[in-house]
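Undergrad: Sequence:
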Amino acid sequence: RLKSFLQRSSRPLSGPAHFRAAMKQCTFTSLYLVMLAFAETSKAECQTPSQCVEFENDDILSLVQKEAVSEKNYLETEKKERDTNEEKALMEEKEAEVDDVQGGQFRQKKNMDSKEVWVVPQSLPKLGNFWVGIPDSRLEKGFMAYVGARPTSVEYVAFFSSGQQGLGDYRKTHPSIVSGSTGAYRQSDGPGFALDALSVSGQFSTCTDDFCFNRDKTLQVSIFDNLFDFQETKNMKKKLLNGFEDFLLDSVSGKTEQLKAVYLAGGSRGGCLVARLAKSLIAREDLKHVKFIVQSFDGVCSPTDNEFGTSVLWPFRNPLKKKWKAYRTDVTKQFKKEHKTRLCMRHLTGGEEVFIDVARSFTHKSNKCKWKKNCAVKSNSGHQYYEQTWTKLGHIELLSDHAHDDEVVKPMMEHFKKCKERLAIL
Numbered sequence: 001r002l003k004s005f006l007q008r009s010s011r012p013l014s015g016p017a018h019f020r021a022a023m024k025q026c027t028f029t030s031l032y033l034v035m036l037a038f039a040e041t042s043k044a045e046c047q048t049p050s051q052c053v054e055f056e057n058d059d060i061l062s063l064v065q066k067e068a069v070s071e072k073n074y075l076e077t078e079k080k081e082r083d084t085n086e087e088k089a090l091m092e093e094k095e096a097e098v099d100d101v102q103g104g105q106f107r108q109k110k111n112m113d114s115k116e117v118w119v120v121p122q123s124l125p126k127l128g129n130f131w132v133g134i135p136d137s138r139l140e141k142g143f144m145a146y147v148g149a150r151p152t153s154v155e156y157v158a159f160f161s162s163g164q165q166g167l168g169d170y171r172k173t174h175p176s177i178v179s180g181s182t183g184a185y186r187q188s189d190g191p192g193f194a195l196d197a198l199s200v201s202g203q204f205s206t207c208t209d210d211f212c213f214n215r216d217k218t219l220q221v222s223i224f225d226n227l228f229d230f231q232e233t234k235n236m237k238k239k240l241l242n243g244f245e246d247f248l249l250d251s252v253s254g255k256t257e258q259l260k261a262v263y264l265a266g267g268s269r270g271g272c273l274v275a276r277l278a279k280s281l282i283a284r285e286d287l288k289h290v291k292f293i294v295q296s297f298d299g300v301c302s303p304t305d306n307e308f309g310t311s312v313l314w315p316f317r318n319p320l321k322k323k324w325k326a327y328r329t330d331v332t333k334q335f336k337k338e339h340k341t342r343l344c345m346r347h348l349t350g351g352e353e354v355f356i357d358v359a360r361s362f363t364h365k366s367n368k369c370k371w372k373k374n375c376a377v378k379s380n381s382g383h384q385y386y387e388q389t390w391t392k393l394g395h396i397e398l399l400s401d402h403a404h405d406d407e408v409v410k411p412m413m414e415h416f417k418k419c420k421e422r423l424a425i426l
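Following my numbering, the residues of the sequence shown are numbered contiguously, the last one being 426.
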């Protein structure tokens, strides 16, 4: 565009070679300065004053602004056309190779040899009026998806949750090795995305190495943004907790007696969410027959709110990395004696500071859990209902990097299978 402008000039422009080269390379953000310098130095090289083009600063700025706007509009139009064509091609491809189940809640390739599972994220208000007392404007920032076909008769529930995605209205899109989020879930009106096949949710959905319940009887959901933020008030957290509980139980409304087992897994704030959900659900009289498998991936509860019994007093140092610490809770007091026989829980904890000092994972308060990498808690009858492992992996590293699957994902999969045996889940 600059070259064309110079060629249209009625009088020639001359200038040092390095300015001419700079003009060829410059962007519109630097064009103004280059032209100013060109105009000033060109005067010195003109053989006669009449050959020179006199530029006024305002004229140059006006030119640059017009050209910048024109270029921006051109690029935006080109991008929109390209995106539209790509989206159309993607939609046509997906529509040709997927089946829609339950009104488009889930999409999966017809090729049964493929392990790619497509999900369609939805904002929380679209799922029903479960989160009472929370404005839709807030709930619209929370996202989840059904994974797999929604069974007509639910005997098992599997719930996988990411951690905190931002602060208040400022949401982000973090990937998660727990929920299977790839960070592409906020476009709820789009075609969806392929769940991370290596994630806990992804491998559960494909029943990798028998890591699953009966697929035909399992309601599986992945929560990509649970809104269960660390800094929320105790009242708001309680409303969110109640909402997720009501949402899950809605699938067995009037038929709770047929529910056999619930699997809850979550990372970071999602880890605290599933711990609190387990404590609440297992205590329900209508679920007194249901078995619970619970897994927390560096779960972060607020000790200032005493979430899941955590306290700011006397945190434990990570025995593998002394500069990290975790806030203590007494797991034995979080579940009643009669409930522990139906519980099988595992917690992977690091204790790295997340964003403020009190935002760290939790640990059981026993001395064994203070000094040893691995510890466990058993009931009086000898049933091991809680186990814990310390890790040197950083918080984000643990939750989003598949390079550590042998330390993070696979042990949880093995724990799930052992729990099925211990609890006699058929």
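Because the hints were derived from the structure by calculation, they are not lab data. Watch out, some of these pointers could steer you wrong.
Below 16 Å or equal to it, Euclidean Cα-Cα: the simulated EDC-like pairs (lysine to aspartate or glutamate) are [to be verified]: (1) K410 to D209; (2) K279 to E232; (3) K288 to D357; (4) K126 to E257; (5) K260 to E421; (6) K217 to E155; (7) K373 to E407; (8) K126 to D136; (9) K234 to D330; (10) K417 to D210; (11) K260 to D286; (12) K238 to D305; (13) K323 to D357; (14) K420 to E155; (15) K279 to D246; (16) K410 to D229; (17) K239 to D286; (18) K126 to D250; (19) K325 to E353; (20) K279 to D209; (21) K322 to D357; (22) K239 to D229; (23) K333 to E387; (24) K255 to E387; (25) K239 to D136; (26) K337 to D305; (27) K288 to D136; (28) K392 to D405; (29) K365 to E421; (30) K418 to D210; (31) K255 to D286; (32) K336 to E407; (33) K392 to E407; (34) K172 to D229; (35) K373 to D357; (36) K126 to E116; (37) K325 to D286; (38) K420 to D209; (39) K260 to E155.
Undergrad: Hints first: check each against the structure and report whether it holds.
TA: Results of checking the hints against the structure:
1. Distance check on the hinted pair: K410 and D209 sit about 11 Å apart at the alpha-carbon level, within 16 Å; holds.
2. At roughly 20 Å between alpha-carbon atoms, K279 and E232 are farther apart than 16 Å, so this suggested pair is violated.
3. Note on K288 and D357: the hinted pairing is violated, with a Cα-Cα distance of about 38 Å set against a maximum of 16 Å.
4. A threshold of 16 Å between alpha carbons decides the hint, and for K126 with E257 the separation of about 27 Å lies outside it, so the pair is violated.
5. Only pairs whose Cα atoms come within 16 Å are accepted, and K260 paired with E421 is accepted, the gap being roughly 14 Å.
6. Of the supplied pair hints, the one linking K217 and E155 holds, its CA atoms being roughly 5 Å apart against a limit of 16 Å.
7. As the CA atoms of K373 and E407 are separated by approximately 13 Å, the hinted pair is consistent with the 16 Å bound.
8. Note on K126 and D136: the hinted pairing holds, with a Cα-Cα distance of about 10 Å set against a maximum of 16 Å.
9. Among the hinted pairs, K234 with D330 is inconsistent with the structure: their alpha-carbon atoms are about 20 Å apart, more than 16 Å.
10. Among the hinted pairs, K417 with D210 is consistent with the structure: their alpha-carbon atoms are about 8 Å apart, no more than 16 Å.
11. About 12 Å separates the Cα atoms of K260 and D286, which keeps this hinted pair within 16 Å; it holds.
12. Taking the CA atoms of K238 and D305, the gap is about 11 Å. The hint holds against a cut of 16 Å.
13. In summary, the hint linking K323 to D357 is supported, as the alpha carbons are separated by about 12 Å, within the 16 Å threshold.
14. Simply put, K420 and E155 have alpha-carbon atoms about 14 Å apart, close enough for the 16 Å limit, and the pair holds.
15. For the hint linking K279 to D246, the alpha-carbon distance of about 14 Å falls within 16 Å, and the restraint holds.
16. With a CA separation close to 27 Å, the supplied pair K410 and D229 exceeds the 16 Å bound.
17. For the hint pairing K239 with D286, the CA-to-CA distance comes to about 21 Å; that exceeds 16 Å, so the pair is violated.
18. Simply put, K126 and D250 have alpha-carbon atoms about 14 Å apart, close enough for the 16 Å limit, and the pair holds.
19. Of the pairs offered as hints, the one joining K325 and E353 holds, with about 8 Å between alpha carbons and a cut-off of 16 Å not exceeded.
20. For a cut-off of 16 Å, the pair hint linking K279 to D209 is broken: about 29 Å separates their Cα positions.
21. Taken as a hint, the K322 and D357 pair is honoured in the structure, with Cα atoms around 15 Å apart against an allowance of 16 Å.
22. A hinted pair counts as satisfied when its Cα atoms are at most 16 Å apart, and K239 with D229 qualifies at roughly 12 Å.
23. Taken as a hint, the K333 and E387 pair is honoured in the structure, with Cα atoms around 15 Å apart against an allowance of 16 Å.
24. Distance check on the hinted pair: K255 and E387 sit about 32 Å apart at the alpha-carbon level, beyond 16 Å; violated.
25. Simply put, K239 and D136 have alpha-carbon atoms about 13 Å apart, close enough for the 16 Å limit, and the pair holds.
26. Restraint check for K337 and D305: not satisfied, since their Cα atoms lie roughly 24 Å apart, outside the 16 Å limit.
27. Proposed proximity of K288 and D136 is contradicted: the alpha carbons are some 33 Å apart, above 16 Å.
28. For the hint linking K392 to D405, the alpha-carbon distance of about 14 Å falls within 16 Å, and the restraint holds.
29. A C-alpha spacing of about 27 Å is found between K365 and E421, which places the hinted pair above 16 Å, so the restraint is violated.
30. Distance check on the hinted pair: K418 and D210 sit about 11 Å apart at the alpha-carbon level, within 16 Å; holds.
31. Pair hint K255 plus D286 holds up; C-alpha atoms about 10 Å apart against a cutoff of 16 Å.
32. At roughly 31 Å between alpha-carbon atoms, K336 and E407 are farther apart than 16 Å, so this suggested pair is violated.
33. A distance of roughly 10 Å separates the Cα atoms of K392 and E407; the hinted pair therefore holds under the 16 Å criterion.
34. Between the alpha carbons of K172 and D229 the distance comes to roughly 12 Å, so the proposed pair stays at or under 16 Å and holds.
35. Distance restraint check for K373 and D357: the Cα-Cα separation of roughly 22 Å exceeds the 16 Å cut-off, and the hinted pair is therefore not satisfied.
36. A distance of roughly 25 Å separates the Cα atoms of K126 and E116; the hinted pair therefore is violated under the 16 Å criterion.
37. Of the supplied pair hints, the one linking K325 and D286 is violated, its CA atoms being roughly 38 Å apart against a limit of 16 Å.
38. Between K420 and D209, the direct Cα distance comes to roughly 14 Å. Compliance with the 16 Å bound is thereby established for this hinted pair.
39. Distance restraint check for K260 and E155: the Cα-Cα separation of roughly 5 Å lies within the 16 Å cut-off, and the hinted pair is therefore satisfied.
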